[in-house]
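Chain A is fixed; fit chain B onto it per the hints.
If you're matching them up, the sequences are chains A and B in order. Whatever position you read off the first sequence (first residue = 1), add 587 for this note's numbering. Whatever position you read off the second sequence (first residue = 1), add 587 for this note's numbering.
There's no promise every hint is true.
Covered, in the sense of this in silico footprint (three residues per stretch, anywhere, with C-beta under 8 angstroms from a C-beta of chain B), are these stretches of chain A [as the list claims (entries may be wrong)]:
id, stretch
1, 608 to 622
2, 657 to 663
3, 696 to 703
Think of the hints as simulated: they come from the structure by calculation, not from any bench. For glycine and all other residues, C-beta sits at the position ideal for the given N, C-alpha and C.
Number of protein chains: 2
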Amino acid sequence: MTTRIIHTMIRVLDEDRSVDFYKRAFGFEVATRLPFDGFTLTYLVNAETGQEVELTVNHGRTEPYTHGDGYGHIGITVTDLDSEHIRFQSESLEPTPIKEFVVDGEMLARFFFVQDPDGYKIEVLQRLGRYM
Amino acid sequence: MTTRIIHTMIRVLDEDRSVDFYKRAFGFEVATRLPFDGFTLTYLVNAETGQEVELTVNHGRTEPYTHGDGYGHIGITVTDLDSEHIRFQSESLEPTPIKEFVVDGEMLARFFFVQDPDGYKIEVLQRLGRYM
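For reference, chain A alone in the conformation it holds in the complex:
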């Protein structure tokens, strides 16, 4: 059995706002845009992995989507977390402070969180240890 994870789908209210966010924050580009009756699917591709974020835009929806407490986030690694944190601040993307996760004196993870325009959390991690 070969299986391949290709995308994570989230529902968003404003396509342009989300496309702008994922481009400014992570350099994702629109790979494909499929408008249908009632909804549009927009695929944002991460050049390095080919992995996509699939935006579903339900036409006419104005009520913000609800998040429950089950789904967490996607994780995205970067080569220089400190410079990205500064850049996120200068872009007014409101990153949380950088957190370090140290266990038995070993740096396990360094990361911050950011929220996309619909409130989905994204963990931005230093490429380090098991988070490559």
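Below, chain B alone, put in the same frame as chain A:
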């Protein structure tokens, strides 16, 4: 800027039940297991992409997680959707019927859905067209 999507994090109630599900359904294996005070992180890796599903198990939680209406699913492609559909049925994984998405006479997508033990939806797609 180089960025790399590495995981999707979901909160689950029963680690063994979820590990068993992702193995039986998609062949994912446990890459790393990190038990902490209060919670455990278990990383399930998709061999073909290196992409991971990160399970967060909050110790002592018994109330099912809620899902809201925002987050959708992860998408996973397979080489033979029909045989996987039969296998999912024989494994009592309760796949939805196969749907075909045809636009202007062109097969855009063939897929079914399955839910993991906590109710997260997973789209299983034939490797075809833009869904490779």
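May I ask which of the numbered hints given earlier this structure violates, with the numbers listed in increasing order?
-> 3
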